[in-house]
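From first to last, the protein sequence lines stand for chains A and B.
All residue numbers for the first sequence refer to the numbering used here, where the first residue is 44 and numbers rise by one.
All residue numbers for the second sequence refer to the numbering used here, where the first residue is 515 and numbers rise by one.
Simulated from the structure, these hints should not be mistaken for lab results.
All C-beta atoms in this analysis are idealised placements derived from N, C-alpha and C, irrespective of residue type, glycine included.
Be aware that a few hints might be false.
[Unchecked claim] Okay, the calculated beta carbon distance ranges per label pair:
{"hint": "1", "chain 1": "A", "residue 1": "95", "chain 2": "B", "residue 2": "649", "range": "20 to 30 Å"}
{"hint": "2", "chain 1": "A", "residue 1": "98", "chain 2": "B", "residue 2": "649", "range": "19 to 29 Å"}
{"hint": "3", "chain 1": "A", "residue 1": "92", "chain 2": "B", "residue 2": "989", "range": "51 to 61 Å"}
[Stated by the list, open to error] The list that follows gives simulated cross-link-like pairs (lysine-lysine, DSBU-like), each with its CA atoms no further than 35 Å apart:
{"hint": "4", "chain 1": "B", "residue 1": "913", "chain 2": "B", "residue 2": "867"}
{"hint": "5", "chain 1": "B", "residue 1": "664", "chain 2": "B", "residue 2": "867"}
{"hint": "6", "chain 1": "A", "residue 1": "100", "chain 2": "B", "residue 2": "664"}
{"hint": "7", "chain 1": "B", "residue 1": "895", "chain 2": "A", "residue 2": "95"}
{"hint": "8", "chain 1": "A", "residue 1": "95", "chain 2": "B", "residue 2": "686"}
{"hint": "9", "chain 1": "A", "residue 1": "95", "chain 2": "B", "residue 2": "913"}
{"hint": "10", "chain 1": "B", "residue 1": "922", "chain 2": "A", "residue 2": "95"}
{"hint": "11", "chain 1": "A", "residue 1": "95", "chain 2": "B", "residue 2": "837"}
{"hint": "12", "chain 1": "A", "residue 1": "88", "chain 2": "B", "residue 2": "686"}
{"hint": "13", "chain 1": "B", "residue 1": "955", "chain 2": "A", "residue 2": "95"}
{"hint": "14", "chain 1": "B", "residue 1": "664", "chain 2": "B", "residue 2": "913"}
{"hint": "15", "chain 1": "B", "residue 1": "664", "chain 2": "B", "residue 2": "686"}
{"hint": "16", "chain 1": "B", "residue 1": "837", "chain 2": "A", "residue 2": "100"}
{"hint": "17", "chain 1": "B", "residue 1": "867", "chain 2": "A", "residue 2": "100"}
{"hint": "18", "chain 1": "B", "residue 1": "664", "chain 2": "A", "residue 2": "88"}
{"hint": "19", "chain 1": "A", "residue 1": "88", "chain 2": "B", "residue 2": "837"}
{"hint": "20", "chain 1": "B", "residue 1": "867", "chain 2": "B", "residue 2": "837"}
{"hint": "21", "chain 1": "B", "residue 1": "955", "chain 2": "A", "residue 2": "100"}
{"hint": "22", "chain 1": "B", "residue 1": "664", "chain 2": "A", "residue 2": "95"}
{"hint": "23", "chain 1": "B", "residue 1": "913", "chain 2": "A", "residue 2": "88"}
{"hint": "24", "chain 1": "B", "residue 1": "922", "chain 2": "A", "residue 2": "88"}
[Stated by the list, open to error] One-sided excerpt, in silico: chain B residues whose CB lies under 10 Å from chain A:
{"hint": "25", "residue": "526"}
{"hint": "26", "residue": "533"}
{"hint": "27", "residue": "614"}
{"hint": "28", "residue": "660"}
{"hint": "29", "residue": "677"}
{"hint": "30", "residue": "680"}
{"hint": "31", "residue": "736"}
{"hint": "32", "residue": "886"}
{"hint": "33", "residue": "896"}
{"hint": "34", "residue": "905"}
{"hint": "35", "residue": "915"}
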Amino acid sequence: MSEREFISKSTSQNESTEEVVAAVTNTSAVDITDLLDEIDGVLEKNAEEFVKSFVQKGGE
Amino acid sequence: MSVHRIMGVETEYGISALADPLANPVLLSSQVVTAYGTEVMPERPRRMRWDYDVETPLRDARGFDMSRADADPSQLTDDDYGLANLVLFNGARFYVDHAHPEYSSPEVTNPRDAALWDAAGDRIMQHSAQLASSFTGQLITAYKNNTDGKVSYGTHENYQVDRATPFAQLVKYLTPFFVTRCVFAGAGRVGIGQESLTEGFQISQRADYFEAEVGLETTLRRPIINTRDEPHANPEEFRRLHVIVGDANMSQRATYLKLGTTSLMLSMIEAGYLTQDLELRDPVSAMHQVSHDVDFVRLLELRNGKTISALDIQEVFIEAATKYVADSGTGDAMTMHVLNHWTRIISTLRTNKMSLANEVDWILKYSVLEGYRQRDNSTWKDPRLAAVDIQYSDLRPDKGLALLMQRKGRQDVMFSDDEINHAISNPPHDTRAYFRGMCMKTYTEQIAAASWDSVIFDLGPEVPLHRIATGDARRGTRETAGVLFDQNLSAADFVAALGA
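Chain B extracted, bound-state conformation:
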């Protein structure tokens, strides 16, 4: 029972050239990624690729493949159309996904590291936008949000889960958890409905864009439980749970708590510990309801005919986790920290929710908006309120409102600048991301391609490419591979030493 497991976060950032709203977003995204590669990794091979050998985006966790002919073209991500793609020194992937720059964090083993390498991604994104602006002479800005008030783009979490856990159990318990998780993990949004046709404020950036309970898609008919099943590990042992319901969080604590509580939920489901009957009658509409209910007054209908509030659902899971930790001996420090933090947040949401502005994104955003509404008697039509919504997530230190609040001490941070800077250029030491990141740092010029599952060396035109498989996320750590990198071997000797 613990919050520790292999996990990571992928973020698609909003991208904009404010002086030219018609600028092609695919081109802008490509410019920012390329700018970073040019400045930070000039020795990388120009045609460095992502190794798609084992990516199967059309594989479904329910056990069948969708044929390519049936798939919408936006679901086909394993052909990169020659777009910019980087594997970074910290083991992350930084590339163009559809019309957004995306940072996929390195694999980590706990929610604290997940939040740290996520924060590193924000700095990398901002640095890239700044570089691209100076290279192109056009101001390009990046936003850590999930909607422009009309369409949505994603922030996905990934968790390694025991393959033996029946998928139906994951669906049964994660659905009510995900429907209500935004009460502490939402980033807040001005506008109700996918196209913001109704005025007002809601808790989640993403909720209104979900239309299905379970499914493979991520770009249309978005499901609360996504069944995409590329484990990037031994498929007989593990699945990778791809979670697409979350908002991008500026609050480091929110990211930490979001990943930590979800990992705890997974532990309980893997252990078969949950037995509560919390199946919602209509999860999709419940998800919208919870997001629209900033005062927590609505009740959700369960299949068994009872009703329950969003906070009560969270509390049922907290009680179960508390009991489970007690039953299984003392939890480790981070597990206890997540559990205590979760307990305190849900109870404070009941009694004094605005006091959580320093750690819950939607409450901080709501405080600013309510401040404007009171001071200026604004209605929700006031365009400044929509501007606050967008600028909350602006990654420029002088323009971003969440970053301003962090500087003013109004939003708590978990990490020092030194820690974040270290995570920008160094991989976590306890997963295969260590091996990948260190290969990129040490043998930049010789890496032809890489992926979650592989690093491919190009040792010259006379020899075939060497593909090093990294199929186990817990191997290739500093403990086991550090000694090899310490020897300052040539790329050829390094590959030979690996026995590849």
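One chain only, chain A, in its complex shape:
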């Protein structure tokens, strides 16, 4: 059962907590290195220029 399915049923009481734990522990460890080439393709071409031009004002 996916987490989404589980939580959407959450108005009903007393769901088994084991089920919940199972639902959130079935994802494997993530090694990101196989995605770096793809990220290269998405990153702004001139990283230095991009970072310099990302200027924000303080907020809140």
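On the provided structure of chain A, position chain B as indicated by the hints.
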């Protein structure tokens, strides 16, 4: 004992015209908000306002008002200078706050809904930036982050809290919780120190910008516990706790857990259940330390002379919550889910933290950065690493790294596209946001102004404006007001039926 309470999230997005770094951010923010109003709510009155009647940003939870003369101009938010302001069909507020577009989610009753309407806000923000880009012919981009490496802007959580709870108790227990919460809720940042003068990576976007323990300000001398006290409810019954320490999360699960655990903490404090002595000797410097310590090796000093790690502080609260839930009978499903999730995350942070990249933002970002550093032998000076930091939060589906990871199945999502799209155009059904959102949907042309506490109808020049007070966040729900909206009444008949 539960994670359920009235809550919501406000997000100030980063905004940029990359081709023109000198573009005025107030103007850009105004353009994106206006673009959304023009496209999505064309029937709205052009001069629709926010109703500031009961907003008191200078009221302090400690019980005194700051005089306007003493306040920094940036603290005065109850004068909108004619800037763009929308109340959306989902009950949210979308407007220009200082130099950022801000989405304030509708009031919800639980952390799952908070994460869902927060995700809806991201889509609304991205849609608006896209519309403004096409209207102005200039690419305008939006980012769900909290710093450009020099200054910070906020993501604030709001929780309704029992007024009878002494404020000192909130300060006592929330301070160590907030100082250490970033271990699972941080979004990660390249650069150490407010101006990033030291190279490296840290857990939180926000931590270095906090300089005080308790206070009213949000723009300067930022405090770990913010005392702003506009309850938007019966002030004798409730306060609104305005939490400003959090990072904006791309991970839906992180938002869910952040709101869920904080709500659990509040339940325990309201019940007077916590008795542990976790008062930090120097909370501000502890907050910086925790954020800078990706390996969880540092110990924090307590006032009682003992030392404790960030993970141990979290564990003390988890143990208390577990015992409390057991003592008070079985918790409801969502409360148990939050508690189990929290327990598992803190224990995995000790044993195999990188395996949490699929749900903890800072760990996913750190994985990408470490990947670059290893593959290319990069130092932290490599501008691509800073670019990764920023682009992690880019809301464009083709440019945003967190969104890319979600598509690749590397960051878990809690909600389907259908659910998020529904939350973009519909209010939650179990708070007054239902009434507000449905009024906006049904009577768009007749709403002169609205706010958290009110909806104001303009029924024509001959009659005075009708102000409908919505002072109770749990009234105006679908259960009680749905039948009125089902009748397809005219605005005048609707107002008459309300007895306004």
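Which of the numbered hints above does this structure break? 8, 11, 12, 13, 16, 19, 29 and 30
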